[in-house]
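For the record, the sequence lines run as chains A and B.
With the first letter of the first sequence counted as 1, position 252 gets the number 252 in our numbering; the numbers rise by one all the way through.
With the first letter of the second sequence counted as 1, position 220 gets the number 697 in our numbering; the numbers rise by one all the way through.
These are computed hints drawn from the structure, not numbers from a lab.
One or more hints might be untrue.
What the hints assert, rightly or not - To list a few chain B residues with every Cβ distance to chain A over 12 Å, as calculated:
#: 1; residue: V613
#: 2; residue: L652
#: 3; residue: M858
#: 4; residue: P870
Unchecked claim - Distance windows between CB atoms, simulated:
#: 5; chain 1: A; residue 1: K166; chain 2: B; residue 2: A827; range: 51 to 59 Å
#: 6; chain 1: B; residue 1: H681; chain 2: A; residue 2: E41; range: 40 to 48 Å
#: 7; chain 1: B; residue 1: G698; chain 2: A; residue 2: K166; range: 51 to 59 Å
#: 8; chain 1: A; residue 1: R347; chain 2: B; residue 2: E923; range: 52 to 60 Å
#: 9; chain 1: A; residue 1: D75; chain 2: B; residue 2: P696; range: 51 to 59 Å
#: 10; chain 1: B; residue 1: A827; chain 2: A; residue 2: G130; range: 35 to 43 Å
#: 11; chain 1: B; residue 1: T729; chain 2: A; residue 2: E41; range: 38 to 46 Å
#: 12; chain 1: B; residue 1: A724; chain 2: A; residue 2: S79; range: 15 to 23 Å
#: 13; chain 1: A; residue 1: K355; chain 2: B; residue 2: T618; range: 56 to 64 Å
#: 14; chain 1: B; residue 1: T618; chain 2: A; residue 2: Q38; range: 38 to 46 Å
For every residue, glycine included, the Cβ atom is placed at its ideal position computed from N, Cα and C.
Residue strings, one per chain:
There are 2 protein chains.
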Amino acid sequence: MKPVSFLALGALALCLTGPASAEPAAADDAALLATAKQLTEAAKTDEVGLQFVEDLTTEVGQRLAGSPAEQRARDWAVSELKSLGFTNIRVDSFEIPYWARKHEHLTVLGPHTQDMVIAALGGSRPTPEGGLEAEVVRFGTLADLQAATDTDVAGKIVFIDEPMYKTQDGSGYGLAVQKRGNCHTVAAAKGAVACLIRSVGTDHHRQPHAGAQSDLTAPDGHHVPMGELPAAALSPPDADQLTRLLARGPVTVNLDIAVDTAESAPSGNVIAEIEGGAHKDEIVLLGCHLDSWDLGTGAIDDAAGCGIAVGAAKLIDALPGTPDRTIRVVLFGSEEPGLFGGDAYTRQHAEEAGKHVLAAESDFGADRIWKFQTRFGEGAMDYAKAMQSVLVPLGVVPGDNEAHGSSDIGGLRDAGVPVVTPYQDGRDYFDYHHTPDDTFDKIDPEAFRQNVAVYAAFAYLAAESGWDFRKGAGSGE
Amino acid sequence: MKPVSFLALGALALCLTGPASAEPAAADDAALLATAKQLTEAAKTDEVGLQFVEDLTTEVGQRLAGSPAEQRARDWAVSELKSLGFTNIRVDSFEIPYWARKHEHLTVLGPHTQDMVIAALGGSRPTPEGGLEAEVVRFGTLADLQAATDTDVAGKIVFIDEPMYKTQDGSGYGLAVQKRGNCHTVAAAKGAVACLIRSVGTDHHRQPHAGAQSDLTAPDGHHVPMGELPAAALSPPDADQLTRLLARGPVTVNLDIAVDTAESAPSGNVIAEIEGGAHKDEIVLLGCHLDSWDLGTGAIDDAAGCGIAVGAAKLIDALPGTPDRTIRVVLFGSEEPGLFGGDAYTRQHAEEAGKHVLAAESDFGADRIWKFQTRFGEGAMDYAKAMQSVLVPLGVVPGDNEAHGSSDIGGLRDAGVPVVTPYQDGRDYFDYHHTPDDTFDKIDPEAFRQNVAVYAAFAYLAAESGWDFRKGAGSGE
Numbered sequence: 001m002k003p004v005s006f007l008a009l010g011a012l013a014l015c016l017t018g019p020a021s022a023e024p025a026a027a028d029d030a031a032l033l034a035t036a037k038q039l040t041e042a043a044k045t046d047e048v049g050l051q052f053v054e055d056l057t058t059e060v061g062q063r064l065a066g067s068p069a070e071q072r073a074r075d076w077a078v079s080e081l082k083s084l085g086f087t088n089i090r091v092d093s094f095e096i097p098y099w100a101r102k103h104e105h106l107t108v109l110g111p112h113t114q115d116m117v118i119a120a121l122g123g124s125r126p127t128p129e130g131g132l133e134a135e136v137v138r139f140g141t142l143a144d145l146q147a148a149t150d151t152d153v154a155g156k157i158v159f160i161d162e163p164m165y166k167t168q169d170g171s172g173y174g175l176a177v178q179k180r181g182n183c184h185t186v187a188a189a190k191g192a193v194a195c196l197i198r199s200v201g202t203d204h205h206r207q208p209h210a211g212a213q214s215d216l217t218a219p220d221g222h223h224v225p226m227g228e229l230p231a232a233a234l235s236p237p238d239a240d241q242l243t244r245l246l247a248r249g250p251v252t253v254n255l256d257i258a259v260d261t262a263e264s265a266p267s268g269n270v271i272a273e274i275e276g277g278a279h280k281d282e283i284v285l286l287g288c289h290l291d292s293w294d295l296g297t298g299a300i301d302d303a304a305g306c307g308i309a310v311g312a313a314k315l316i317d318a319l320p321g322t323p324d325r326t327i328r329v330v331l332f333g334s335e336e337p338g339l340f341g342g343d344a345y346t347r348q349h350a351e352e353a354g355k356h357v358l359a360a361e362s363d364f365g366a367d368r369i370w371k372f373q374t375r376f377g378e379g380a381m382d383y384a385k386a387m388q389s390v391l392v393p394l395g396v397v398p399g400d401n402e403a404h405g406s407s408d409i410g411g412l413r414d415a416g417v418p419v420v421t422p423y424q425d426g427r428d429y430f431d432y433h434h435t436p437d438d439t440f441d442k443i444d445p446e447a448f449r450q451n452v453a454v455y456a457a458f459a460y461l462a463a464e465s466g467w468d469f470r471k472g473a474g475s476g477e
Numbered sequence: 478m479k480p481v482s483f484l485a486l487g488a489l490a491l492c493l494t495g496p497a498s499a500e501p502a503a504a505d506d507a508a509l510l511a512t513a514k515q516l517t518e519a520a521k522t523d524e525v526g527l528q529f530v531e532d533l534t535t536e537v538g539q540r541l542a543g544s545p546a547e548q549r550a551r552d553w554a555v556s557e558l559k560s561l562g563f564t565n566i567r568v569d570s571f572e573i574p575y576w577a578r579k580h581e582h583l584t585v586l587g588p589h590t591q592d593m594v595i596a597a598l599g600g601s602r603p604t605p606e607g608g609l610e611a612e613v614v615r616f617g618t619l620a621d622l623q624a625a626t627d628t629d630v631a632g633k634i635v636f637i638d639e640p641m642y643k644t645q646d647g648s649g650y651g652l653a654v655q656k657r658g659n660c661h662t663v664a665a666a667k668g669a670v671a672c673l674i675r676s677v678g679t680d681h682h683r684q685p686h687a688g689a690q691s692d693l694t695a696p697d698g699h700h701v702p703m704g705e706l707p708a709a710a711l712s713p714p715d716a717d718q719l720t721r722l723l724a725r726g727p728v729t730v731n732l733d734i735a736v737d738t739a740e741s742a743p744s745g746n747v748i749a750e751i752e753g754g755a756h757k758d759e760i761v762l763l764g765c766h767l768d769s770w771d772l773g774t775g776a777i778d779d780a781a782g783c784g785i786a787v788g789a790a791k792l793i794d795a796l797p798g799t800p801d802r803t804i805r806v807v808l809f810g811s812e813e814p815g816l817f818g819g820d821a822y823t824r825q826h827a828e829e830a831g832k833h834v835l836a837a838e839s840d841f842g843a844d845r846i847w848k849f850q851t852r853f854g855e856g857a858m859d860y861a862k863a864m865q866s867v868l869v870p871l872g873v874v875p876g877d878n879e880a881h882g883s884s885d886i887g888g889l890r891d892a893g894v895p896v897v898t899p900y901q902d903g904r905d906y907f908d909y910h911h912t913p914d915d916t917f918d919k920i921d922p923e924a925f926r927q928n929v930a931v932y933a934a935f936a937y938l939a940a941e942s943g944w945d946f947r948k949g950a951g952s953g954e
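Model the full assembly from the supplied sequences, consistent with the hints where possible.
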């Protein structure tokens with residue numbers, strides 16, 4: 001896309017209709033876009049966002065949902081956001097069902113005895129103490145397991161070896177994660193005694209990828225800490241090895257998993273604002289999630305997202321004056337076990353949903369943003385184009401108007417809040433995702449700052465322009 | 478180097494002097510070189526060598542020196558070599574001091590409490606049960622530790638953070654490994670209570686690199702299972718993290734290491750031959766080591782080397798007739814804790830050292846061979862050139878005459894046995910070396926087969942030519 005000139009955009013804005021108070025003059029738009037561009041320049045040397053990531057991952061480390069470590073992260077974040085000059089800092093508390101690993105071991109028995117590297121999946125049941133001994137039955141895909149008879153599976157440990165493919169937009173994940181979510185219910189219904197899966201990941205390192213199972217609910221629908229079976233992910237080389245062993249004959253293993261669970265444990269969303277001016281009741285929400293899986297230090301998932309949101313908000317705060325609307329940074333809690341923070345926010349802030357003019361969440365690492373999607377009303381597409389015009393020079397191609405938002409802002413999106421998705425390049429993200437390897441060194445500072453630049457630019461335009469991103473929504477125009 | 482024509486080489490050989498019986502005619506040399514070239518072609522589709530690696534790493538897995546797993550590997554190898562049609566298969570037994578990890582944990586105490594990923598170093602002493610609590614003192618290099626005063630170090634846990642640099646010839650290892658070998662003696666002399674080192678490796682994955690310490694000897698010089706202190710390697714990201722924590726203030730940790738040791742445990746060298754013809758008492762030795770560290774499955778270190786030697790020997794065996802000299806494949810035991818297999822071989826075969834016409838050991842992974850060094854007598858340089866002429870088309874540049882050989886054949890080299898070093902590209906080798914990630918998938922089949930081609934070519938020339946690689950050795954000519 002050829003960048004639109006500031007004056008042309010100003011002219012476009014002049015032609016748009018909407019609430020008179022919220023429509024800026026053409027000259028203002030040109031100035032807005034120029035300032036947004038200045039912010040992208042300033043981001044190139046920004047230290048605030050990256051320092052936030054370094055400090056969170058170094059001083060707190062892993063932040064398992066509902067754990068004392070997540071509580072330390074909230075305390076740390078409140079203190080840090082205060083010292084950075086944010087206002088209206090508070091924690092919205094909520095409760096979640098708690099699950100944590102205590103240990104997991106997988107040993108191949110028989111002539112080729114050896115230990116394998118696994119991680120229990122979120123919501124795994126424990127095995128009996130000392131482990132569970134059973135034969136392994138392999139399926140190439142979840143669909144193959146679904147097609148199997150009870151006789152194929154009963155009394156055995158199911159192993160789903162389905163691979164995951166690298167894609168720039170991460171769409172390989174949606175496909176591959178089904179086996180993680182659904183093995184326990186499908187296998188249990190056929191009489192299996194446990195689930196093993198090839199890690200949901202795209203690397204070849206001997207590190208398992210943790211992650212939650214789906215449908216951890218009681219018959220009445222309320223969330224529970226555990227699913228239906230003991231379940232674990234093998235590292236990719238161990239999945240290869242198990243497949244090679246099975247090619248040589250029947251394989252019996254001992255699977256030993258111990259877990260710690262509670263029906264209810266404390267979590268919370270940490271909220272901080274750059275308070276707006278004339279329209280401070282109108283909210284531009286920049287989100288991320290504060291919790292992480294326990295194996296790494298949650299650097300790319302999702303300290304990076306928090307650093308991007310905080311860095312962008314502080315760049316805007318450093319401009320003279322006050323943004324017209326409020327920029328609200330939300331560090332969601334307990335995203336990993338099942339989007340609990342996003343659900344709590346949607347519930348707790350239902351009354352002000354209409355005051356959210358725009359929402360975005362960064363939860364896909366910090367590689368370069370390559371595409372910027374929107375989900376605006378049909379009458380607001382010129383605002384999308386205006387934002388995109390500032391982002392193209394950062395290497396960001398304009399996307400369509402089908403933005404999904406991200407995990408924790410799904411509830412807001414469903415409530416009609418306009419969202420944008422600044423799409424990080426996801427080709428390498430699932431090499432590290434949910435593994436011990438999700439550590440600070442995996443973040444490239446230059447790419448990270450490009451993320452801060454993108455977030456600062458669109459958030460500034462949303463906060464300062466008065467643009468109505470709902471314009472024409474549902475009107476069919 | 479421009480390849481030398483076969484006829485020119487034949488002419489060269491005609492001019493050389495030496496034992497009349499061992500000197501081939503010119504026409505024979507041209508035929509030899511043509512056959513060597515055919516072997517390199519045959520290697521391109523060879524399955525034997527790679528299958529050997531797959532089977533060893535799958536059916537046995539890790540093969541810690543002196544352990545029951547190494548015994549299983551010897552049994553497996555004897556059976557496998559028999560079924561491959563090798564002759565004179567036997568195990569030369571010897572004893573080693575035994576060390577194995579039972580567990581290792583490192584926990585940062587204090588406000589930034591967190592667990593770190595470590596591996597106890599070979600020969601680490603155990604800590605008291607429940608661990609050892611002490612402050613960490615960091616040194617950028619081993620030299621910095623050597624320069625420190627006792628007051629800087631006494632009562633503390635020393636942390637040497639020295640990095641390792643990637644090089645094609647692996648020379649970065651020689652520099653970086655010093656800290657692993659020597660921390661315990663240097664730190665103990667200054668009153669430290671334990672050693673931590675940044676892993677000796679070039680990757681950024683959260684996997685520690687195991688490895689032996691140096692000088693595990695009693696005052697009388699005999700080998701003992703343990704060094705002077707508890708000692709462990711941090712994964713590279715954990716070394717980064719510890720450095721960042723130390724930048725924030727004093728760091729106290731709990732280091733908990735438990736080990737299993739024995740003054741003496743069984744090990745052995747597995748030997749198999751393609752028996753020669755007229756000069757079957759003359760030996761061309763192709764070596765590798767059968768043992769591995771315990772964290773991975775020892776694929777690149779050193780199942781690959783064994784597969785290369787076995788694959789090359791079998792390619793030669795598949796030629797019509799019998800090679801003139803014997804090709805002896807030696808799978809050395811217990812290389813990792815201190816070259817025990819090589820030492821035993823040198824001792825046990827001292828009387829036939831003079832019958833070894835050439836020796837090589839592959840112990841540097843299976844990336845493409847890029848250089849071919851020799852260590853021949855000065856009168857035998859035309860043989861080096863002849864070998865190199867066959868290897869250039871495989872992408873192998875001729876090296877100098879300063880070949881080191883490799884770990885286990887150092888004793889033979891010192892006893893005057895001519896050696897060659899077909900140098901694998903080592904740039905990525907230390908990403909995986911001694912980590913859990915040393916698994917079969919790390920071997921590129923095409924590069925592996927190039928290794929088999931190189932070994933088959935020079936071993937065939939050595940076995941069939943009658944060339945005397947000692948010619949002119951020590952003569953000063």
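Verification of the supplied hints:
1. Residue placement check: B/V613 keeps its beta carbon more than 12 Å from all beta carbons of chain A (closest about 15 Å).
2. The claim that B/L652 lies off the interface holds: its Cβ sits roughly 22 Å from the closest Cβ of chain A, which is beyond the 12 Å cut-off.
3. Listed as a non-interface residue, B/M858 keeps its Cβ farther than 12 Å from every Cβ of chain A; the least gap is roughly 43 Å.
4. Every beta carbon of chain A lies more than 12 Å from that of B/P870, the smallest distance being close to 31 Å; the non-interface claim holds.
5. Our hint of 51 to 59 Å for A/K166 and B/A827 holds, since their Cβ atoms are close to 55 Å apart.
6. The hint said 40 to 48 Å for the Cβ distance between B/H681 and A/E41, and at roughly 30 Å that hint is violated.
7. Between B/G698 and A/K166 the C-beta distance comes to about 54 Å, which sits within the given range of 51 to 59 Å.
8. Separated by about 57 Å at the C-beta atoms, A/R347 and B/E923 satisfy the suggested range of 52 to 60 Å.
9. Between A/D75 and B/P696 the CB atoms are about 54 Å apart, so this pair conforms to the stated range of 51 to 59 Å.
10. Distance hint check: the CB atoms of B/A827 and A/G130 are about 51 Å apart, inconsistent with the given range 35 to 43 Å.
11. With their beta carbons about 44 Å apart, B/T729 and A/E41 fall inside the hinted range of 38 to 46 Å.
12. Judged by the Cβ atoms, the range 15 to 23 Å given for B/A724 and A/S79 holds: they are separated by roughly 19 Å.
13. Restraint check, A/K355 to B/T618: a C-beta distance of roughly 58 Å satisfies the suggested window 56 to 64 Å.
14. Restraint check, B/T618 to A/Q38: a C-beta distance of roughly 44 Å satisfies the suggested window 38 to 46 Å.
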